[in-house]
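Q: What follows is each chain in one-letter form.
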Amino acid sequence: MTGLILGFLYALIALGYTMVYGVLKLINFAHDVIFATGGIAVFYAFGLWFGITEPVTGPELALVVTAALLIGGVVSSGAAAALERLAYRPLRRRNAARLSYLITAIGASFFMTYMYQQDFLLGTGKRSFPNFMDRQSAVAEDFLGTRVTDIMFLLVITSIVCLVILDRFINQTRTGRSIRALSEDITAAQLMGVNVDRVIVTTFVVGGFFAGVAGVLYGMRFGNVVFNMGFIPGLKAFTAAVLGGIGNIRGAMIGGLALGLIEHLSSVCIGSEWKNVIAFSVLVLVLVFKPTGIMGERMGG
Amino acid sequence: MATKRDLRTYLNEAYPKTSDRLPDGVVNAFNGPYRAYYAIGYWRYLVAALLMATIPILMEPSILGDFFPALEDSVADLESPIPYLTGGFGIRVLVMTGIWILLALGLSVVVGMAGLLDLGYVAFFMLGAYTTAFMTESGGADQFHFVVWPNVAALPFAILVCILAGVALGIPTLRLRGDYLAIVTLGFHEIVRQSANNLTITNGSRGIPGIERPDLGLPESWGEFAVLSSHNYWFFLLIPAIILAVIMIRHLEDSRVGRYWTAIREDEVAAAAMGVPVVKMKVLAFAIGASTSGVAGWIFAGYATFISPNNFPLLYSILILCAVVIGGLGSISGAVVGAMLVQGLPEVVREASGGRTVFGFDPETGRIAVFGFLLVVVMIFRPGGLFAPKRRRIELSEASAAEGVIIDESAQPSQDEIEFASSVHEASQQKEGD
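Chains as they are written, first to last, in the numbering used here: chain A, 1 to 301; chain B, 1001 to 1434.
Worth flagging that the hints you see were computed from the coordinates, not collected in a lab.
If a hint is listed, it holds; no wrong ones were tucked in.
Pairwise CB distance ranges, derived in the manner of DEER restraints:
no.	chain 1	residue 1	chain 2	residue 2	range
1	A	R85	B	T1200	49 to 57 Å
2	A	G193	B	I1171	41 to 49 Å
3	A	I232	B	F1089	26 to 34 Å
Just so you know, these numbers come straight off a predicted model, no measurement behind them.
Just so it is clear, CB atoms sit at the ideal spot from N, CA and C, and this is done for glycine as well.
Construct all of the structure, not just a fragment, from the sequences and the given hints.
A: Encoded structure:
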């Protein structure tokens, strides 16, 4: 169950990586900060401005949780859109090499991460996340051998809803079709009347939204936010995206779940200090035998 | 005169001599000067060596007296003109910059020349450092070394281990395209680092202390420079190592191997079709890149005398890639300058700020933010890096010659044609104005 929850988080973040990669063929290294932005935004909004730090109950809880997820998602979307507008679009105008995008992404990631570290934002230490949902109460005391808390339950449900919505969005809406067209061939899509700039921003916004939701869920689950909280989950999510076949939405979901389960199993069976070694070894093995990941690179389902 | 050559011969023949690329008459008239021009290629190394040699002299001017006895009396009491260089923090940054230059040079072979995106390069650095620690006297318990050799004897083994690791990483990952290779190399770094963190022979995260320093037996009259524990000592290892690495890479660049790498970087399928041994060349790129970081690892182990997995975070692999790209992919001077920027710039920001804050922004803790911002700005305004290589241009012109495009004077537009074209252009502009 722990592995599954981790897997859903990875899957949510991996969606952003895989969508941007599918469209721009760019590893968006700044996606980890977009993820962190969601958590940090809710930390600010609830902890400092609204002052909701005590657990709430009843219909209020539903309202508060929805608001938190939406705030996290929207702020992260904004950050992702700003990133695209300020950093990537100028590069696209100049027809930069792909490595320049990568370095720009790394630079943007450094910039934002260490701005959060400044005292007027988060500071260096861990800050406790507003505790608006009771961390102890459990929906099921013993589900397949684990105690499932409300937050874990919420995390799984939210993730499944998000993944289903995104899958429908990509495969059945007009915008989704444009995104798929762009991932096949940008020039051809442009000739067919797709507004490339707008679709690319949309991709960033959608990916950013899910990353923001994941950031909020992460904050709720682990109870704190820290300026570089995105680095490790971002790395893992990227690994998950590659594992599933980068550029492929369903691949990202499956890769995320697979990675979460692998990590959990290896820390149970071998020891948690080896979990990263095992996870990356599995990744290398999968890529050696199937160089495009589990699901291949095609974006649509 | 440009003769008709196909791409195959372009890739396989020896590098065209200057005289082959010039008309006969020009060759006869300018043969001497052109030879001199090529010789300047080597002079540049000498100039670079002299420039770097000024660093030790600036640090301790009295050293001049050892080399030039006539000056001995006049320089004996000179103080260093830049106190920053004589000890403590500044000089540590300089030594680390030197090590990073070596790393950046190695990575520029892998990424810049062969076009293989390597995000785990520091893993080789780490292997080099740990090999050194295993083979020499290191402090603490006996279990941290397999043999006890003098530090210098560990150097060839540090290089060898790195080359083997490069081959071992290269062979299974060769089928992968750019971004998959990036994540696999990144995973390789994490696998190596976490293993060192968890194994007993590496003493886990506590690291290996008390590694012996290499004793070059410098004369005692060199003062600080002969003292093993001083920072100054390391310039006599770093400067030759950097110069040798530059010479090696410069020669590789112009060799057949270098052109194979270029071909693979530009279009792997086409290169394979032209008979480039893609697999062999990729493994070679990994191995040569790794060997440089083996030397860097050896120097680092001796310099720091203490290594632990925390000295080699994933962030460094990413930063070193930044150094190579920000300097200019495939450019040697770019790699050197990039390493200086990555290692030195945050420290300069820290020094320059002197503890002041700007609108609540503290440059000391935020120096990486400043660095990140500059990375973005540089990439937007100079996407090819600060020292975008001239080689790209040369390659393009040579490639067109290789494809058999013969530049014909008569194909240029005549004066009449140019005038006609410009009058048409003016007329169309007037029409738009109306």
